[in-house]
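Student: Make the full structure from the sequences, and use the hints.
The numbers in the UniProt record's numbering rise by one with no breaks, and the one at position 171 of the sequence shown is 171.
FYI, nobody ran anything at the bench for these hints, they're computed from the structure. Each residue gets a CB set at the ideal place from its N, CA and C atoms; glycine is no exception. Check each hint, because a few of them may be wrong.
Stated by the list, open to error - Distance windows between CB atoms, simulated:
hint, residue 1, residue 2, range
1, F93, A31, 32 to 38 Å
2, E119, G60, 25 to 31 Å
3, A44, N191, 20 to 26 Å
4, I185, V133, 18 to 24 Å
5, H146, L13, 19 to 25 Å
6, S41, G92, 38 to 44 Å
7, A35, R97, 37 to 43 Å
8, A101, A189, 20 to 26 Å
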Amino acid sequence: MTVHDPESGADGLRADVYRLLALTLAAPPGADLLALLGGLSGDATPIGRAFDDLAARARGTDPQAVEREFNALFIGVVQGELVPYASYYRTGFLTDRPLSALRADLQALGLERAPGVSEPEDHIAALCDVMAVLIREGADPAVQRHMLDSHLMPWAGRFFQDLEGAETAGLYRPVGTIGRLFLEIEREALNRQTDQLEEADA
1 MTVHDPESGA DGLRADVYRL LALTLAAPPG ADLLALLGGL SGDATPIGRA FDDLAARARG
61 TDPQAVEREF NALFIGVVQG ELVPYASYYR TGFLTDRPLS ALRADLQALG LERAPGVSEP
121 EDHIAALCDV MAVLIREGAD PAVQRHMLDS HLMPWAGRFF QDLEGAETAG LYRPVGTIGR
181 LFLEIEREAL NRQTDQLEEA DA
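Tutor: Given below as structure tokens:
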């Protein structure tokens, strides 16, 4: 099976979107990231309009306001409005079976949690970062599909939809839209790729 060319335009864009999602969901964006987000521009497609919305919101806020929003969404006094972990969305419990399965797959790929990182590997930001790394390194499409099908597709769409509708979401509302639409695009692309491979093998 051919390996993805990480320098190709399509794969480079995919990696960039995953990386953007990872950065915004791992921690509240500081001034530099807000400036980067504020410079984004989209097109007339639904996801393009979501990027425009994100850029406008980034230009109209500041790091302190975004930190308050992030804390309300994901941390809270006891728990944030959303719990951004695969295990929680899939089983209702933290550090459950989905995390164990993910850790086994990451170990097989030679990937491990960075030193000093305390968040479990099934955090949405960590999974988006893993996808960005796999794409940038030109991982086999079958590996990418396995990660998506096994660890993102079963729950991440619901998470992003919840983020879109979260009561405390401001800057993060279009982040949810981008994530939801991007995963739909990823699913369609992978399905087309599978069909092409099956036709080639026939």
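Student: State for each hint whether it applies.
Tutor: Verification of the hints:
Between F93 and A31 the beta carbons are some 37 Å apart, a value that agrees with the proposed interval 32 to 38 Å. As the Cβ distance of E119 to G60 is approximately 29 Å, the hint placing it in 25 to 31 Å holds. Look at A44 against N191: about 24 Å separates their beta carbons, and that is inside 20 to 26 Å. For the pair I185 and V133, the supplied restraint of 18 to 24 Å holds, since their beta-carbon distance comes to about 19 Å.
The hinted window of 19 to 25 Å between H146 and L13 holds, with their beta carbons roughly 21 Å apart. At about 40 Å, the beta-carbon gap between S41 and G92 stays in the expected band of 38 to 44 Å. Hint check: A35 to R97, Cβ distance near 40 Å, so the stated range 37 to 43 Å holds. Between A101 and A189 the Cβ separation comes to about 24 Å, which falls inside the hinted range of 20 to 26 Å.
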